[in-house]
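K.L.:
Sequence:
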Amino acid sequence: MHDFDDEIRDFDDEILDLDNTPEDAAEKTIGTPETNTPPKDNTRRKQGRALSERQRPRKAKSGNPLTVITVILSVTTLVSLILCVFVISKFSAVPASSDEVIEEVSYTQEDVDAMIASASSNAAMQQEEQLRAEIRSYLEVPNPSTADMLRHFYSDHILYLDSEGYHFIPISDAIPRHEYAAENFTVSENNIITYTENGETASKMVLDVSQHQGTIDWAQVAAFGVDAAIIRVGIRGYGSGALVLDERFVENMEGATAAGLEVGVYFFSQAINETELLEETEFIFEAIAPYNITYPVVIDVEKIENDTARADALGASERTALVRLFCDTVAARGYTPMIYGNTYSLFSMLEIENIQDYEIWYAFYNDYLYYPYPVRMWQYTANATVPGIEGAADLNIWLP
Numbered sequence: 031m032h033d034f035d036d037e038i039r040d041f042d043d044e045i046l047d048l049d050n051t052p053e054d055a056a057e058k059t060i061g062t063p064e065t066n067t068p069p070k071d072n073t074r075r076k077q078g079r080a081l082s083e084r085q086r087p088r089k090a091k092s093g094n095p096l097t098v099i100t101v102i103l104s105v106t107t108l109v110s111l112i113l114c115v116f117v118i119s120k121f122s123a124v125p126a127s128s129d130e131v132i133e134e135v136s137y138t139q140e141d142v143d144a145m146i147a148s149a150s151s152n153a154a155m156q157q158e159e160q161l162r163a164e165i166r167s168y169l170e171v172p173n174p175s176t177a178d179m180l181r182h183f184y185s186d187h188i189l190y191l192d193s194e195g196y197h198f199i200p201i202s203d204a205i206p207r208h209e210y211a212a213e214n215f216t217v218s219e220n221n222i223i224t225y226t227e228n229g230e231t232a233s234k235m236v237l238d239v240s241q242h243q244g245t246i247d248w249a250q251v252a253a254f255g256v257d258a259a260i261i262r263v264g265i266r267g268y269g270s271g272a273l274v275l276d277e278r279f280v281e282n283m284e285g286a287t288a289a290g291l292e293v294g295v296y297f298f299s300q301a302i303n304e305t306e307l308l309e310e311t312e313f314i315f316e317a318i319a320p321y322n323i324t325y326p327v328v329i330d331v332e333k334i335e336n337d338t339a340r341a342d343a344l345g346a347s348e349r350t351a352l353v354r355l356f357c358d359t360v361a362a363r364g365y366t367p368m369i370y371g372n373t374y375s376l377f378s379m380l381e382i383e384n385i386q387d388y389e390i391w392y393a394f395y396n397d398y399l400y401y402p403y404p405v406r407m408w409q410y411t412a413n414a415t416v417p418g419i420e421g422a423a424d425l426n427i428w429l430p
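Position 311 of the sequence shown, counted from 1, bears residue number 341 in this note's numbering, the numbering being contiguous throughout.
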């Protein structure tokens, strides 16, 4: 034990020597700087080692390292104990606090049912109020349209009206939709509808005419901005079944082409079998042979209002087969076939899913395109004012 104490004292002396600054060392050095002559008397250091701890003169030291470590560990232990006591005392109150929270958020099944019923009632009231507001918006206008309102609320159906009432046809997911954006349609001050793409007009203005428009000044029509004309070539009488050439067909074809308009033709069909249908196509081909037909050759499928027609007995499947035969025959002759119809004729008189191979010309008199499937031309009015034509005229938009 004594030897160990001596080793500790020697270690302390070495620490003290290391702690001395260069200035202290300079003060202790004996002898001149030039020679750095060691001190002549070296006995004091030797004697100091022989003295007992009680006799040795002790210089103030920076501290025993073991003592410092012991103090640090003691303080750390004390702090840890204090933290443990704090944590234990803190969390010992949690159960009581948790119980209080549980009591605050606990509900009986009756409470939950009541809250659900209240929320459902509030939602229903909000929906009802919104519905009432939307209905008012459709009715608080001049000449309100019940059909427009129903189309809005049944946007996943196609709606049409006949003598039996309103019919709602689900829009089919099996048929592709057209890709025309509603916001790209614009209506001018004179009610001309155009379609734009990338800020440029992508549609064309097309006029369709028959003998009912009388004599037409085609130069004025062209100056108005009409790009093309679909001219009636003839009809089959819905009563007699006779084939009749439109009285102004030749006049209109020559006038339109002379004015620089592109032309197509349409034929009002009342064929009740394949034989009659092929008679109609041959009648058309003979009539249009002298002209450069760049727009479609169209079969016009319509319901005769307020009268009976010879083709009324045809079912949708039979009429669809005849329409397809017309289109295939026209295509075989090198022309572009097209089917004309309104909502009723396309969705009631024909099987809409079986005519998607052909171009569609849709008649719907409004400022929005209602037809959901691919469509090439839209007849949006039968009451247009067109220079060069006396009275009302049909206008169409040819879509890109």
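It is worth saying that the hints were derived from the structure and are not from the lab. Everything numeric in this text was worked out from a predicted model, so none of it was measured. Be careful, since some hints might not be right.
[To be verified] Distance condition first, Cα-Cα at most 20 Å in a straight line; then the derived SDA-like pairs of lysine to any residue:
1. 333 / 377
2. 333 / 287
3. 333 / 253
4. 333 / 316
5. 234 / 216
6. 333 / 272
7. 333 / 385
8. 333 / 234
9. 333 / 216
10. 234 / 220
11. 234 / 203
12. 234 / 409
13. 234 / 377
14. 234 / 385
15. 333 / 193
16. 333 / 349
17. 333 / 268
18. 333 / 323
19. 234 / 213
20. 234 / 157
21. 333 / 291
22. 333 / 321
23. 234 / 272
24. 234 / 430
25. 333 / 346
26. 333 / 273
K.L.:
Does each hint fit the structure? Answer for all of them.
P.N.:
Verification of the hints:
1. Note on residue 333 and residue 377: the hinted pairing holds, with a Cα-Cα distance of about 12 Å set against a maximum of 20 Å.
2. About 31 Å separates the Cα atoms of residue 333 and residue 287, which puts this hinted pair outside 20 Å; it is violated.
3. The suggested pairing of residue 333 with residue 253 is violated, with an alpha-carbon distance near 34 Å, which exceeds 20 Å.
4. Only pairs whose Cα atoms come within 20 Å are accepted, and residue 333 paired with residue 316 is rejected, the gap being roughly 27 Å.
5. Restraint check for residue 234 and residue 216: the C-alpha separation of about 13 Å stays at or below 20 Å, so the hint holds.
6. Taken as a hint, the residue 333 and residue 272 pair is honoured in the structure, with Cα atoms around 18 Å apart against an allowance of 20 Å.
7. Restraint check for residue 333 and residue 385: the C-alpha separation of about 18 Å stays at or below 20 Å, so the hint holds.
8. Among the hinted pairs, residue 333 with residue 234 is inconsistent with the structure: their alpha-carbon atoms are about 28 Å apart, more than 20 Å.
9. Straight-line distance between C-alpha atoms of residue 333 and residue 216 comes to about 30 Å, which puts the hinted pair past the 20 Å bound.
10. Under the criterion of a C-alpha separation no larger than 20 Å, the hint pairing residue 234 with residue 220 is consistent with the structure, at around 16 Å.
11. For the hint linking residue 234 to residue 203, the alpha-carbon distance of about 29 Å lies beyond 20 Å, and the restraint is violated.
12. Between residue 234 and residue 409 the alpha-carbon distance is near 12 Å, which keeps this suggested pair within the 20 Å criterion.
13. With a CA separation close to 26 Å, the supplied pair residue 234 and residue 377 exceeds the 20 Å bound.
14. For a cut-off of 20 Å, the pair hint linking residue 234 to residue 385 is broken: about 24 Å separates their Cα positions.
15. Proposed proximity of residue 333 and residue 193 is supported: the alpha carbons are some 12 Å apart, at most 20 Å.
16. At roughly 12 Å between alpha-carbon atoms, residue 333 and residue 349 fall within 20 Å of each other, so this suggested pair holds.
17. Of the pairs offered as hints, the one joining residue 333 and residue 268 holds, with about 10 Å between alpha carbons and a cut-off of 20 Å not exceeded.
18. Restraint check for residue 333 and residue 323: the C-alpha separation of about 27 Å exceeds 20 Å, so the hint is violated.
19. Simply put, residue 234 and residue 213 have alpha-carbon atoms about 17 Å apart, close enough for the 20 Å limit, and the pair holds.
20. Proximity of residue 234 to residue 157 is assessed by CA-CA distance (about 42 Å); at most 20 Å being required, the pair is judged violated.
21. Of the pairs offered as hints, the one joining residue 333 and residue 291 is violated, with about 30 Å between alpha carbons and a cut-off of 20 Å exceeded.
22. For the hint pairing residue 333 with residue 321, the CA-to-CA distance comes to about 30 Å; that exceeds 20 Å, so the pair is violated.
23. At roughly 34 Å between alpha-carbon atoms, residue 234 and residue 272 are farther apart than 20 Å, so this suggested pair is violated.
24. A threshold of 20 Å between alpha carbons decides the hint, and for residue 234 with residue 430 the separation of about 8 Å falls inside it, so the pair holds.
25. For the given pair, residue 333 sits about 12 Å from residue 346 by alpha-carbon distance, which is consistent with the 20 Å threshold.
26. Our distance criterion of 20 Å between C-alpha atoms is met by residue 333 and residue 273, whose separation comes to about 18 Å.
Going through the hint list in order, the structure does not satisfy hints 2, 3, 4, 8, 9, 11, 13, 14, 18, 20, 21, 22 and 23.
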